[in-house]
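> Protein chains in written order, with our numbering: chain A, 1 to 283; chain B, 1001 to 1268.
Derived from the structure by calculation, the hints contain no laboratory data. As the structure is a prediction and not an experimental result, all values here were calculated from the model. Backbone N, C-alpha and C fix where the C-beta goes; we use that ideal spot for every residue, glycine too. Accuracy of the hints is not assured; some may be wrong.
Not everything, but these chain A residues come out facing chain B in the computed CB check (under 10 Å) [as the list claims (entries may be wrong)]:
1. Ile29
2. Ile33
3. Leu40
4. Ala41
5. Phe43
6. Val56
7. Leu61
8. Thr89
9. Ile104
10. Ala140
11. Val145
12. Leu148
13. Val162
14. Leu261
15. Val268
List of simulated lysine to any residue pairs, SDA-like, C-alpha gap at most 25 Å [stated by the list, open to error]:
16. A:Lys280 x B:Gln1178
17. A:Lys79 x B:Pro1126
18. A:Lys250 x B:Val1125
19. A:Lys175 x B:Leu1261
20. A:Lys175 x B:Lys1073
21. A:Lys79 x B:Asp1039
22. A:Lys79 x A:Lys250
23. B:Lys1073 x B:His1232
24. A:Lys175 x B:Val1255
25. A:Lys250 x A:Thr58
26. A:Lys79 x A:Leu94
27. B:Lys1073 x B:Phe1236
28. A:Lys79 x A:Leu261
29. A:Lys79 x B:Phe1236
30. A:Lys175 x B:Tyr1202
31. B:Lys1073 x A:Val32
32. A:Lys175 x B:Phe1236
33. B:Lys1073 x A:Leu37
34. B:Lys1073 x A:Trp35
35. B:Lys1073 x A:Leu94
36. A:Lys79 x A:Lys280
37. A:Lys280 x A:Leu82
38. A:Lys250 x A:Leu94
39. A:Lys175 x B:Asn1260
40. A:Lys250 x A:Ala93
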Amino acid sequence: MSSGQLAAEPSDFVVRDPEARRRLGTTLIALVILWPLLQLAEFRPAVLFEAGNLKVMTGFLAGFFPPERGPEFLGLLFKATLETLAIATAGIALALLIAVPLAIIGTRALSISSIGPGPDRWRGNVVRVACRALLTVLRAIPEIVWALMFVRVLGLGPAAGVLALAITYGGMLGKVYTEILESTDTRPARALLQGGSGRITALVYGLIPNAAQELTSYTVYRWECAVRASVIMGFVGAGGLGQLMDQSMKMLNGGEASAILLMFLALVVLADALSSALRKALA
Amino acid sequence: MSDTVQPCTSRGAGDFCLTCLLTSAGLLAAVIASFAYLDIDFSALFSRESASGMGDFVASFFPPEAAPAFLQKTAHGALQTFATAAVGTLFAALLGVFFALPAAGRMGEAPRQLARFALNVLRSVPELVWATLMVLAAGLGPFAGTLALALHTIGVLGRLFAEAIENVPSTAELSLRQAGSGSAVAFLYGTLPLVWPQFIAYSLYRLEMNIRMAAVLGFVGAGGLGQMLYFHLSIFQQAEAATVLIAMLLLVLAVDAASNLLRGRLAT
């Protein structure tokens, strides 16, 4: 409609939504789906305002200020922070032990059999597919589930966290490494392989120079994620800041909880800064 | 540092790069220090008795519990996990829009900073920490998980939505405003249709992540599969735990497949 028409007969102008019927239908269907979901999720906002819950929560939150500053607790906090960092670093180091060999075996960029039809072509493909499947299985289960299981076997403490990180992050790093190696320029490696060099030589001289920056920057980014994950894993008893936070929260000690939360936020910011500095240094 | 030392990128093949060398040495030292600090006894880990202990533990998961009653309970747990994630993401998306409008700078500078700060706080506290807090506030059960997911996801989606609103061309909305429409109508008909597909895509992506997360939130008492797994592992019922683990795996795989399908559908 033109504005001239509007100006001429303003009384004829009726607001009408041409999509009205469809919108109404979609809304009704959405509500019909939403209702059982709300029931399943036991969605009852009123619980939040029940006197008992409200009292516990306000008491706990009131304890948040001021954060706990006792020297004994700060010592404990500092130790837990160091432990968290150490879990992340050691976990990534072990993850590399899993990821690097699997990535080298699994990547198509280093396939000799794909150069031309050979008698044993299927064998290489089978190995690569098996390798990828293994990487998928490793990363399919979240690290905190691994941590929960390892805590049953190895007892409370950082060992469970390190192993859990090593397994899931090994799977993730391995998958991304294979993809990075395949997405960079593979012609130098292929030329080397065609010239008769071995796989490792082709990797080191043909692929790494192109892919090194991406590989290191992804690894450092994963370390940053591992710091966060190692805090989380503490909640099931895998050591570090998370375990300390779990204890403070179970004892409803708001002051300690807020101090740990602040430490956690500072740690995340620090890991962020450190990882971007490292990426710059290694670029 | 590039004043004194040649940057790594521009060096020739045989050149010596002090920064790279020092960084690598520092990283190696950090790894060694980490292992030394944690003091994990890896030899005990791979000793014969702990290996057999580990073997016994793994063997106790098989065969997974397959009684119909338990399977039904697991299916209910899986549905509950899905419902927790879906409801949490839905509420996060709705509230995310409310935060995104001021965060995109549509209501002046002060609300913008305030909204951004709120979103940052919501986002930087992990879901599991929110869940432990919400279990205190709302009691054990999936509602606590829903709230925890919603709180964290508001932070994530609010920021993504705000960026989407900021990046979209404003010509359509401006022309509506200049033609005399109100600000709400101008947003609804000028900007919202442009950012809507992005909102949906981001929300679906978060739903996918939240389903994984919801399966785990139960560890702190927030219902669903996680609570079942934690419960059965605590009372050493590994067979039941194995069933729950399989259900978790199936749920995650199903969500992956569904979101791949949906994404392919949306892309075309």
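> Does each hint fit the structure? Answer for all of them.
These are the hints, each one checked on the structure:
Given hint, isoleucine 29 of chain A at the interface with chain B, is violated; its Cβ is 14 Å from that chain's nearest Cβ, farther than 10 Å. Checking isoleucine 33 of chain A against chain B: minimum C-beta separation of about 9 Å stays under 10 Å; hint holds. The restraint placing leucine 40 of chain A at the interface with chain B holds, with a minimum CB-CB distance near 4 Å, inside the 10 Å limit. Nearest Cβ of chain B to the Cβ of alanine 41 of chain A: about 4 Å, under the 10 Å cut. The hint holds.
Annotation: interface hint on phenylalanine 43 of chain A holds; nearest CB of chain B at approximately 6 Å, less than 10 Å. Given hint, valine 56 of chain A at the interface with chain B, holds; its Cβ is 6 Å from that chain's nearest Cβ, closer than 10 Å. With a least beta-carbon distance of about 9 Å to chain B, the hint placing leucine 61 of chain A at the interface is held under the 10 Å criterion. Nearest Cβ of chain B to the Cβ of threonine 89 of chain A: about 4 Å, under the 10 Å cut. The hint holds.
Interface hint status for isoleucine 104 of chain A: violated, as the beta-carbon distance to the closest one in chain B is roughly 20 Å, over 10 Å. A distance limit of 10 Å between C-beta atoms decides the matter here; for alanine 140 of chain A the minimum to chain B is near 6 Å, and the interface restraint holds. The interface hint given for valine 145 of chain A holds, since its Cβ lies 7 Å from the closest Cβ of chain B, which is under the 10 Å cut-off. The beta carbon of leucine 148 of chain A is positioned within 10 Å of a beta carbon in chain B (closest approach about 6 Å), and the interface hint is therefore held.
Because the smallest distance between the Cβ of valine 162 of chain A and any Cβ of chain B comes to about 6 Å, under 10 Å, the interface hint for this residue holds. Taking 10 Å as the C-beta cut-off, the interface hint given for leucine 261 of chain A holds, the closest approach to chain B being about 7 Å. At its closest, the beta carbon of valine 268 of chain A sits 6 Å from a beta carbon of chain B; the interface hint therefore holds under the 10 Å criterion. A hinted pair counts as satisfied when its Cα atoms are at most 25 Å apart, and lysine 280 of chain A with glutamine 1178 of chain B does not qualify at roughly 47 Å.
Note on lysine 79 of chain A and proline 1126 of chain B: the hinted pairing holds, with a Cα-Cα distance of about 21 Å set against a maximum of 25 Å. A hinted pair counts as satisfied when its Cα atoms are at most 25 Å apart, and lysine 250 of chain A with valine 1125 of chain B qualifies at roughly 18 Å. At most 25 Å may separate the alpha-carbon atoms for a hinted pair to count; lysine 175 of chain A and leucine 1261 of chain B meet this at roughly 21 Å. Between lysine 175 of chain A and lysine 1073 of chain B, the direct Cα distance comes to roughly 35 Å. Violation of the 25 Å bound is thereby established for this hinted pair.
A C-alpha spacing of about 14 Å is found between lysine 79 of chain A and aspartate 1039 of chain B, which places the hinted pair at or below 25 Å, so the restraint holds. At roughly 20 Å between alpha-carbon atoms, lysine 79 of chain A and lysine 250 of chain A fall within 25 Å of each other, so this suggested pair holds. Distance check on the hinted pair: lysine 1073 of chain B and histidine 1232 of chain B sit about 13 Å apart at the alpha-carbon level, within 25 Å; holds. Between lysine 175 of chain A and valine 1255 of chain B the alpha-carbon distance is near 20 Å, which keeps this suggested pair within the 25 Å criterion.
A hinted pair counts as satisfied when its Cα atoms are at most 25 Å apart, and lysine 250 of chain A with threonine 58 of chain A qualifies at roughly 15 Å. Pair hint lysine 79 of chain A plus leucine 94 of chain A holds up; C-alpha atoms about 22 Å apart against a cutoff of 25 Å. The hinted pair formed by lysine 1073 of chain B and phenylalanine 1236 of chain B meets the criterion: a straight-line CA distance of about 18 Å does not exceed 25 Å. The straight-line distance between the Cα atoms of lysine 79 of chain A and leucine 261 of chain A is roughly 15 Å, inside the 25 Å bound, and the hint therefore holds.
The suggested pairing of lysine 79 of chain A with phenylalanine 1236 of chain B is violated, with an alpha-carbon distance near 32 Å, which exceeds 25 Å. A threshold of 25 Å between alpha carbons decides the hint, and for lysine 175 of chain A with tyrosine 1202 of chain B the separation of about 24 Å falls inside it, so the pair holds. Between the alpha carbons of lysine 1073 of chain B and valine 32 of chain A the distance comes to roughly 24 Å, so the proposed pair stays at or under 25 Å and holds. Of the supplied pair hints, the one linking lysine 175 of chain A and phenylalanine 1236 of chain B is violated, its CA atoms being roughly 34 Å apart against a limit of 25 Å.
Restraint check: the Cα-Cα separation between lysine 1073 of chain B and leucine 37 of chain A comes to about 17 Å, which is no more than 25 Å; the hinted pair holds. For a cut-off of 25 Å, the pair hint linking lysine 1073 of chain B to tryptophan 35 of chain A stands: about 21 Å separates their Cα positions. At most 25 Å may separate the alpha-carbon atoms for a hinted pair to count; lysine 1073 of chain B and leucine 94 of chain A exceed this at roughly 37 Å. Of the supplied pair hints, the one linking lysine 79 of chain A and lysine 280 of chain A is violated, its CA atoms being roughly 29 Å apart against a limit of 25 Å.
At most 25 Å may separate the alpha-carbon atoms for a hinted pair to count; lysine 280 of chain A and leucine 82 of chain A meet this at roughly 24 Å. Taken as a hint, the lysine 250 of chain A and leucine 94 of chain A pair is broken in the structure, with Cα atoms around 32 Å apart against an allowance of 25 Å. As the CA atoms of lysine 175 of chain A and asparagine 1260 of chain B are separated by approximately 18 Å, the hinted pair is consistent with the 25 Å bound. The suggested pairing of lysine 250 of chain A with alanine 93 of chain A is violated, with an alpha-carbon distance near 32 Å, which exceeds 25 Å.
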